[in-house]
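Undergrad: Residue numbers (my numbering), protein chains in the order written: chain W, 1 to 309; chain Y, 1 to 309; chain G, 1 to 309; chain V, 1 to 309; chain X, 1 to 309; chain Z, 1 to 309.
Everything labelled a hint here was simulated from the structure, so no lab data went into it.
Check each hint, because a few of them may be wrong.
Note that identical chains are pooled: a pair holds if it fits in a single copy or bridges any two copies.
[Unchecked claim] In silico DSBU-like pairs for lysine-lysine, Cα to Cα no more than 35 Å straight-line:
#, residue 1, residue 2
1, Lys6, Lys306
2, Lys24, Lys118
3, Lys108, Lys3
4, Lys6, Lys167
5, Lys306, Lys22
6, Lys144, Lys80
7, Lys10, Lys108
8, Lys107, Lys306
9, Lys102, Lys6
10, Lys10, Lys145
11, Lys118, Lys306
12, Lys24, Lys144
13, Lys248, Lys85
14, Lys118, Lys10
15, Lys118, Lys91
16, Lys91, Lys306
17, Lys24, Lys279
18, Lys108, Lys306
19, Lys248, Lys22
20, Lys46, Lys118
21, Lys24, Lys102
22, Lys145, Lys306
23, Lys91, Lys46
24, Lys107, Lys22
25, Lys248, Lys10
There are 6 protein chains.
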Amino acid sequence: MIKDIKEEGKISLPCLISRCDKAKTVKGTPYLSLSLEDSTGILDAKFWNLTDEQVESYHVGMIVQATGDVILHKNAIQLKVRTLKELPEEKITDYVRQAPMKADEMKKEIEFYINEVKNQDLAILTQTILDEVQEDYYSYPAAKKNHHNYVGGLAYHSLSMVRLSLKICELYPFLDVDLLICACILHDVGKIEEFSSPVLPEYTAQGNLLGHISILAMKVDRVCHELNLQDQESILLLKHMILSHHGKMEFGSPVVPMTPEAEVLSTVDNLDSRLYMMKESIDICQSGEFGPRIFALENRMVYRRKDQE
Amino acid sequence: MIKDIKEEGKISLPCLISRCDKAKTVKGTPYLSLSLEDSTGILDAKFWNLTDEQVESYHVGMIVQATGDVILHKNAIQLKVRTLKELPEEKITDYVRQAPMKADEMKKEIEFYINEVKNQDLAILTQTILDEVQEDYYSYPAAKKNHHNYVGGLAYHSLSMVRLSLKICELYPFLDVDLLICACILHDVGKIEEFSSPVLPEYTAQGNLLGHISILAMKVDRVCHELNLQDQESILLLKHMILSHHGKMEFGSPVVPMTPEAEVLSTVDNLDSRLYMMKESIDICQSGEFGPRIFALENRMVYRRKDQE
Amino acid sequence: MIKDIKEEGKISLPCLISRCDKAKTVKGTPYLSLSLEDSTGILDAKFWNLTDEQVESYHVGMIVQATGDVILHKNAIQLKVRTLKELPEEKITDYVRQAPMKADEMKKEIEFYINEVKNQDLAILTQTILDEVQEDYYSYPAAKKNHHNYVGGLAYHSLSMVRLSLKICELYPFLDVDLLICACILHDVGKIEEFSSPVLPEYTAQGNLLGHISILAMKVDRVCHELNLQDQESILLLKHMILSHHGKMEFGSPVVPMTPEAEVLSTVDNLDSRLYMMKESIDICQSGEFGPRIFALENRMVYRRKDQE
Amino acid sequence: MIKDIKEEGKISLPCLISRCDKAKTVKGTPYLSLSLEDSTGILDAKFWNLTDEQVESYHVGMIVQATGDVILHKNAIQLKVRTLKELPEEKITDYVRQAPMKADEMKKEIEFYINEVKNQDLAILTQTILDEVQEDYYSYPAAKKNHHNYVGGLAYHSLSMVRLSLKICELYPFLDVDLLICACILHDVGKIEEFSSPVLPEYTAQGNLLGHISILAMKVDRVCHELNLQDQESILLLKHMILSHHGKMEFGSPVVPMTPEAEVLSTVDNLDSRLYMMKESIDICQSGEFGPRIFALENRMVYRRKDQE
Amino acid sequence: MIKDIKEEGKISLPCLISRCDKAKTVKGTPYLSLSLEDSTGILDAKFWNLTDEQVESYHVGMIVQATGDVILHKNAIQLKVRTLKELPEEKITDYVRQAPMKADEMKKEIEFYINEVKNQDLAILTQTILDEVQEDYYSYPAAKKNHHNYVGGLAYHSLSMVRLSLKICELYPFLDVDLLICACILHDVGKIEEFSSPVLPEYTAQGNLLGHISILAMKVDRVCHELNLQDQESILLLKHMILSHHGKMEFGSPVVPMTPEAEVLSTVDNLDSRLYMMKESIDICQSGEFGPRIFALENRMVYRRKDQE
Amino acid sequence: MIKDIKEEGKISLPCLISRCDKAKTVKGTPYLSLSLEDSTGILDAKFWNLTDEQVESYHVGMIVQATGDVILHKNAIQLKVRTLKELPEEKITDYVRQAPMKADEMKKEIEFYINEVKNQDLAILTQTILDEVQEDYYSYPAAKKNHHNYVGGLAYHSLSMVRLSLKICELYPFLDVDLLICACILHDVGKIEEFSSPVLPEYTAQGNLLGHISILAMKVDRVCHELNLQDQESILLLKHMILSHHGKMEFGSPVVPMTPEAEVLSTVDNLDSRLYMMKESIDICQSGEFGPRIFALENRMVYRRKDQE
C-alpha cells in the first residue's frame, strides 16, 4: 500500500492514475508526469523515455500495476516508473480513500436520526431529498480538497455534525433539535451537483455558476412545493439555515445566521472541518514541529506536541 | 401639495399618515409625532395636547385632512397640527409617490421586449413568472429606501435597465441580448416577497431570512421544472445572472459574475440606481453646493454645479 | 420587581442607583437623570425640581426606596420620581442580576472538573490561580455588556464552556481534555483585573492598557515560575490557548489558534456567548419578529419564530 | 503567423524578439530563453548551444527570421530555435498586435466627437492636449497587460468609451454630454508618459512615482493656464472626472466620483475593460469550460457557453 | 477669557459668533443656538425669546459683547445670553485661536531653512510657491478639525515637520535633507485652496472635487514649467513626496511612498499630527483617566497618567 | 569575500553552509543544493555527482573551504562546487554578517542610556532584564529576515531607536524620556526566546505559540514581582508600550497605543526598520531603477535616484 512506502528501492503495486500530464524533455523525448493513488495515499511518479504512442495509451482514471524504483527527489518520495500495466477488471472505488464508516452503516445511522425527528414536515422533506440522491449521498466527498475529500466524505461529515449538534442541544435546550438534525443531514447535498463525480471530482459548470448553497436551496424549495409544505415556518427556518451555513456573506452565504439553530449549524460545520484539517496536519508532522501553512485555515500552521504518540 | 410648502403659515391638505409615534410630554400629556405624505413628498408633524383616546384613534395608513400651522423647527419645515380628519373614501395609492410612467404603459413596453426575445425558453419562462406576480410587478418599489422607492419603482427600474442593456448590446455584439432582456426584467422580482406591500413596505420574515436573490432563484427553478426547461444552458446562465447580480459576495450574491452578460446586468443595475440617487441629491441641493453624505453611495456627497438649471 | 412594571401608574420599590447624571433644565432648575436596577431589570428615571443640595446627596451605588409615577415617554417606560429614600442596610449584591447557579454550586462543579484533570501540573496551576482570585471568580461578570454581564457571569460562562468542551472531546477523542478543562476555567480570569468590581464594573486603567488576555498570561507565567512548572510543554500549550482564545489577531489575540485544543476553546467561547446574546434577544422579542441589530453579533438581528412559546 | 502554429514540426517565420534572457546550462553552455511575437500572437522559444559572442548579438526589439522545431513542452507549444537571422529592414510596428481600427480612422472619429462638443472651453482644451501628444495618442496601448494592450489601444479604448457614454446620455438626459466626450477622450492620456513607448512598454520612473492620473491632471492644469481657462467650472468638473475615474481611493484615485458624469466615466471605463478581458478569455477557451482565473477581474474565471460559436 | 469660565454666574465678554443656528421653540418663539469663541476657547450659548427681526440681525463672523448667565446644562457649561452687542471695530483674527508662534517668527524660521537648501532648483521652486501664497501660508490652519486647527496652523505644523526631519537626517545621513526641507514646507499648501478662509474654514468646491494633494501637485507642476525646471529629477522626487504623503492609497494618496524621503515625510506628518491630538486629549482629561474616543486616531482613547502635572 | 565575486571564474574561499538540501538528479545521482555565507554576503551553490555517503557528511552550520567555478545561471551568480573541506577550527560567528558596531561598543552606549534614566524603578527593571539575557542581547538579530537580520541586529536596532526617540523628545518635551529609553532597549528582548539561536535563527515552538511580545510581557511582569515593582504606574505604562508596539491589533499587538510614548515607540520601530529595508533595496539597485517588490513594505518597490552615488 502507498502509505507503507518509506524508503528507496524497487516496488510493484496496483494503483489508480489520478493525474496524467504529458510532456517532453529538453531533447524532445516524450514522458509522463503522474499521480498514482490507492486507498491509503498518493504517490508522485515519472515515466521516462516513452514513444508518442505509449504516451497516448495512459489516461486519468485507469487502474494499473506499476513497477519501478522509489527515489528521493527534493526530500520527497518519487516513483521512477519502469512499467505500467492496465488492470481492466479492477474497480476505481477500490483505489480511492474511503470514509472510516461503511456506506450502509452511515445510512443506518442517518435514518435513525431522521426517525427521531418529531416535526413530520421536516422529516418527510429530508427523507424525500435523500431518496432523490441516495446512492450519491453516501459516495460523494464533502469537499474537492481540504477536508473529508474521500469517498463517503459528504455523509460522514454530515453525520459528525448531527452527533455534535445533538450534544449541543443537550446543553442549550431552547434549540430546535429537529431543525438541526435535518439541516446537518442536508446542508451539503448540493455538492452532488456541484461536483462531477464521487471520485476524481471536478467542479461542474452549474457548480461554479450557481454554487452548492443555491443548488440545494432550489431543490428544497421545489420538493416542498411538490409535498405542499411551502408555507410551514419550519421549512422557512430550514431554508434559512441552508442559505446561511457559510456564516458570512464573503464566504458565499447570501444571508447571515439570524436564528440560534443557524448559528449552531454554521459553527458545527466549521468546527468539524477545521478539526479534520488540523488532525490531518498533525498526523503527517514530526513531534515538536509545525506542519505547513494551510490556506483553508487562514494560513495557519498546526503544532504537533512532543508527547503526542 | 406637500412639495409646494415652502414657508410658515396656515395650511389644510389631504394626506397619508405614514409614521405615527405615540408619546407623552415631560408633564405626561399625550401627543403624536407624525409623517404625512402625498404623491409629491413627505411632511414632518406634531399633534400636541391630545387625550389617550384621541391618540389611539390614529394609525399608519390612514388618509386624513390635516389643518395646522407650518413652522420652522431647526431650519426644517414642520406642521403643528390643529385637526386631523379621516377621509375614509380616499385610496392610499393616490397619496404615495409614483413612477414617472403609468403601469399599463410600463406593461406594454415590458411585453414588447419579451416579444423581441428569440430564445423561446427564456421568453416563456419570463412571461410565466410575470403572470404569477403581475399586478404586484407594476406596483412594488425597487427598494425600501435609496432608489426607485415609489409605487411602480420595481417595473420602472427594470425597464430602465432593459433599455440601457439594449444600448450596450449594440456596441458589444457578442453579448446575448435575450439573456439580458429577461434578466433585467426578472432580477428583482424576489422583492415582491421580500417586502410586505407595495406601499409602506416593510421587510417580511422570509425577506430577511432568505433575501430576494434566493427567493427569485427558487421561483425560477420551480417554474423551470413545471415548464420542463431545467436542462437548458440558457436557463443555467439566467440563474447565474440572477444570483450574481449584486456583483460581490459581500453584497449578498452567493456567486460572482462569470459571464459577460452577468457583468453587464450587475453594472447596469448599479448605474441606474446610482444615477437615481445622484440625481435626487442634486434636485434638492443648492447650485454650487454638495448634498448630504449618502450611505448607499459609500458615504459620498454629490455636487450640484453652479450653472445647472 | 422591575421586570413586572408593564404599564403607567404609581409605584414604590427598593432599587440600586446604577447611573446618576446631574443636570439643569433650560430655566436652571437642577434635576437628576437616573438608572434604577434590581435583580430583575433596569428602569429609566427622572427626578425633577431639586435643589443643588438634594442633587449632591445621591450617587451611583446607593440603594434607595423609590416612589413615583410610571409614564410612557417615547414608547418606553420611565419613572417620574417623587421620593428617593436611602436604604443603608441593604446590600448592593441583592440588587443586581445574578447567574442562574449559586456561587457555591458553581464552585463545587468547577472543583469537580479540576479533580478530573489527570495532568497534575495543569491541575495544580489552575487550582493555585483560583485560590488567588477565589471570591472574585464567582462574583465577577464575564463581560461589561453583551453576554453574561451579571454577578457570577465569569464562573457561569466558564462552566458552560467546560461542559461543552467535554461533549466535544467525546466525539473527537484525540483532543486533550485536561488542557480544555483548565483553559475553559482560566481563560477569562484576567477580567477580574480588567474590571473595577463585580457590580457596576468599569474598565480599569490596566484593563484598557494591557487587556485581560495579557493580564492572565502574565499571571499564569508568574505562578508557573513560583510552582517551578515553566518548562512543561503542557504549560506552553495552555498559555497558547489563553493568548489565542479570541481567535483572530484583529480581536486582540496576539497569536492565532495553532492546536486543535486552542481552536476548540475559541469556538466554544464564541458559541456560548453568541447563543446567550441570541437567546436574550429572542426573550424580549415578539413572535414572528426580529429583535434589534446587535453590534457584538456583527450587526445581525435575531428572529423569534411564531410558534416559540 | 504565430496564431496558426498548432502542432509539432519545422517552421520558419519572421518575428520580433520581445523577451531575451541570457542563461547557461548546468554544464556552463550559454543559451537564450526568448519570446517571439508577430501581429497575431506570442511564441515561447529556446536557442541552445550558443557561444558567448552569439548570445550577445541578440536583444529585445530585434526583428528576425526564426527557423526551428516546434515541440510540446509541459503541454505548451515551444520553439527549439535552429537559426535567428536579423531582418534589419523590417519595422517593429508590423510585428506587434494592433487595434481593430486604423489610426487615421480613429483620429477622424475622435475629431468628429470633439466637433460635437458645444462647450468651447472643453473642446479647445481637449484639442490642445491631443495636439501635444498626437501621434502617440494613436499608437500607445491602454494598458501594459490586461486589456487593450496593443498598438492603438489607448485611442481605441477611449473611442469605445465615448460611444458608450453617448448611449447612456440618450437615456439619462440630465448628463452633460460635453464633459463625458472630453473626459473619455482624455482620461488615459497620462499613460503616454507612464509608459516608455507604444511597443514593448515599460513603466517609466515618473509613471511609477506619479501615476498616469496625476500626470494628466498636471498637464490639464498647465494647459488651462496657458489657455486662460483655469476659472471655468466645466474645467473643474473635468479635472474631477480625471482624478476620480478609478472609482475608489484604493485603486489610486485621490478623490471619489461626486458628480453623475464622474460616476458614468468610471463605470464606462470599467465596463469596457472588463468586457475586453472576458471576451479575450472566452476566445481562447473551450465551449462549456471556464478560462483561467484573471487577477484583474478579482480572480474570477469566465465561462464559455456550450453553444457559443 | 473663555478658558477661565469654570462655574455658574453672570459674565460679560467680547467674542466671535462662530455658529449661529436659528430655531423656534415648540410654542413658535424664535431663538438662537450659538457658538461663541475667543482666542482661548469655545462657549456654547442660547439666546431665548427673540423676535424674527432680532434673529435676522446676527450671523456667523460677527464680533459681539455678550452678557448673560453661565449655567450647567447636561454637565457642560452653557451661556444663557441676555444681550449681544456688535463690536464693529474688532478684528476677527483677535477672536480665534492662534499658533504658539507669531507669523513673522515662523516666516523667519521657514526662510532660514530655505536658505539652507543647497539644491537651487528646489529652493527657488519652494520660494516661488511661498511668494504666490505668502500671507495665507502663515494664517491658514493645517486642518478643519483634528489637529493644528487654528490660525497659523499650516505654517506651524510644517515648521514642526522640518525640525523633526532635520533630526532624522542627522541619524540617517543617506537621506536628502534638501528634499525633506522643501517637501515639509510645501506639503499642505494645497489646503489654502481646499479651505474657504483662514478663520471659520469650510471645504471649497475645488477642495472637495480635487483634494489638496492634487491642487498642490498641479501648482508645483505649473510653477516648474514657468521656471523651466520640469526635467530635473529632484523635482520629480519632490512631486512624488507630495503625492504620496498620506502614506496609503485609501487615505487619498494616488501613489505610495517609494523613496526613503517620501517615507520620512509621511511618517513625520503623521507623528506630528498624532502627538498634537494625543496631547490635546490629555490636556482636557483627569489624571488616571482616559479621554474620549478619537476618530482620527482610529477610535483610540488616550490615557493621562496619574502623576502628570 | 563573497561580496567581491562579480564574474565567472575559479575561486576558493572559506565559508559557512547555511542551507544544505539533499537531492538526486533525474538519473538518481545524489547532489547538494547549498547556500554558502561569509560576513559579507550569501552565495548560491550546487555540488554535483556525489555518493550517498558524501551527501550525508555535510550539514548546516559547518564551516568549509569551498573551491569551484563561478557560473551565471538565470542571470545570477552560482558556484559549481569542486571540493568542500571542513575547517573545524573556525568559529561560526566569523562567517555571518555583523552589526556595524561591536558588541562592547553597543553595550557601553546602552548602559550610558540606562544611566541617564531618572526613574529608578524603570532603570533597575531594564538593567535586571539585560542582566538575564546579556550575551544574547548583543548577538541575536532583530528579525529572521527583512531588517537587521545579522549578528547584533537586536541591540543595534534598539540603539537606533533610542537615539531617534531622544531626538523626538527634544522637540516634544511633554514626552517621558525615561519610558522611551527603557522601552526602546527592551521592546524586542522576547526575540531571544522566539528564535533558536543568534545565527541561523529558526522560530522556536514557543516563539510561534506565544510570540515575542507576550514572551517579553511575561518576563517583565515576573521580574517586576521579584523586584517588588508591580504597582508602579511607570511599570504599567512600560508594559503597555511593549504590548502595543506593533501599532495595530492585526499586526499582533493585543492593545493599540494609548499614550504618546507608546505611539512614538511604535513609530520609531517602524521608521528604523523601513529605512533599513529601503536603504538595502537601494544599495543593490541600479541608478534610475526600482528594486523588487518588498512584502514587508506592503509590496512597494523602492526607487534609486539617478544621481545617487
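Undergrad: Now tell me if each hint is right for this structure.
TA: Cross-check of the supplied hints:
Within a single copy, Lys6 and Lys306 get their C-alpha atoms as close as 22 Å, which meets the 35 Å cut-off; across copies the closest is 46 Å, which misses it. Taking the shortest Cα distances, Lys24 and Lys118 never come within 35 Å of each other, neither inside one copy (63 Å) nor across copies (48 Å). Taking identical chains as interchangeable, the C-alpha atoms of Lys108 and Lys3 lie at most 35 Å apart only when both belong to the same chain, with a minimum of 30 Å there against 49 Å between chains. Taking the shortest alpha-carbon separations for Lys6 and Lys167, neither the intra-copy value of 40 Å nor the inter-copy value of 37 Å comes in at or below 35 Å.
For the identical chains of this complex, Lys306 and Lys22 are inter-copy neighbours only, at 26 Å across copies versus 43 Å inside a copy, given an alpha-carbon limit of 35 Å. Proximity of Lys144 and Lys80 under a CA criterion of 35 Å is satisfied intra-copy only: 27 Å inside one chain copy versus 38 Å between copies. For the identical chains of this complex, Lys10 and Lys108 are neighbours neither inside a copy (43 Å) nor across copies (63 Å), given an alpha-carbon limit of 35 Å. Taking the shortest Cα distances, Lys107 and Lys306 sit within 35 Å of each other only across copies (33 Å), while inside one copy they are farther apart (39 Å).
With identical chains, the CA atoms of Lys102 and Lys6 are at most 35 Å apart within one copy only, with a shortest distance of 28 Å there and 49 Å across copies. Only within a single protomer do Lys10 and Lys145 lie at most 35 Å apart by alpha-carbon distance; the minimum there is 30 Å, versus 42 Å between protomers. For the identical chains of this complex, Lys118 and Lys306 are inter-copy neighbours only, at 18 Å across copies versus 47 Å inside a copy, given an alpha-carbon limit of 35 Å. Taking CA atoms no more than 35 Å apart as the test, Lys24 paired with Lys144 passes in both settings, with 29 Å inside one copy and 32 Å between copies.
When the C-alpha separation of Lys248 and Lys85 is checked against a cutoff of 35 Å, the pair qualifies neither within a copy, at 49 Å, nor between copies, at 49 Å. For the homomeric pair Lys118 and Lys10, neither the shortest alpha-carbon distance inside one copy (59 Å) nor that between copies (47 Å) is at most 35 Å. In this homomeric assembly, Lys118 and Lys91 never come within 35 Å of each other (Cα to Cα): the closest approach is 41 Å inside a single copy and 47 Å across copies. For the identical chains of this complex, Lys91 and Lys306 are inter-copy neighbours only, at 32 Å across copies versus 41 Å inside a copy, given an alpha-carbon limit of 35 Å.
Taking CA atoms no more than 35 Å apart as the test, Lys24 paired with Lys279 passes between copies only; the shortest distance there is 31 Å, against 39 Å inside one copy. Within a single copy, Lys108 and Lys306 get their C-alpha atoms only as close as 39 Å, which misses the 35 Å cut-off; across copies the closest is 33 Å, which meets it. Taking the shortest Cα distances, Lys248 and Lys22 never come within 35 Å of each other, neither inside one copy (41 Å) nor across copies (38 Å). For the identical chains of this complex, Lys46 and Lys118 are neighbours neither inside a copy (57 Å) nor across copies (51 Å), given an alpha-carbon limit of 35 Å.
Taking the closest pair of Cα atoms, Lys24 and Lys102 never come within 35 Å of each other, the shortest separation being 43 Å inside a single copy and 41 Å across copies. Taking the shortest alpha-carbon separations for Lys145 and Lys306, both the intra-copy value of 28 Å and the inter-copy value of 27 Å come in at or below 35 Å. When the C-alpha separation of Lys91 and Lys46 is checked against a cutoff of 35 Å, the pair qualifies only within one copy, where the shortest distance is 24 Å, while the shortest distance between copies is 43 Å. Taking the shortest alpha-carbon separations for Lys107 and Lys22, neither the intra-copy value of 41 Å nor the inter-copy value of 49 Å comes in at or below 35 Å.
For the identical chains of this complex, Lys248 and Lys10 are neighbours neither inside a copy (51 Å) nor across copies (48 Å), given an alpha-carbon limit of 35 Å.
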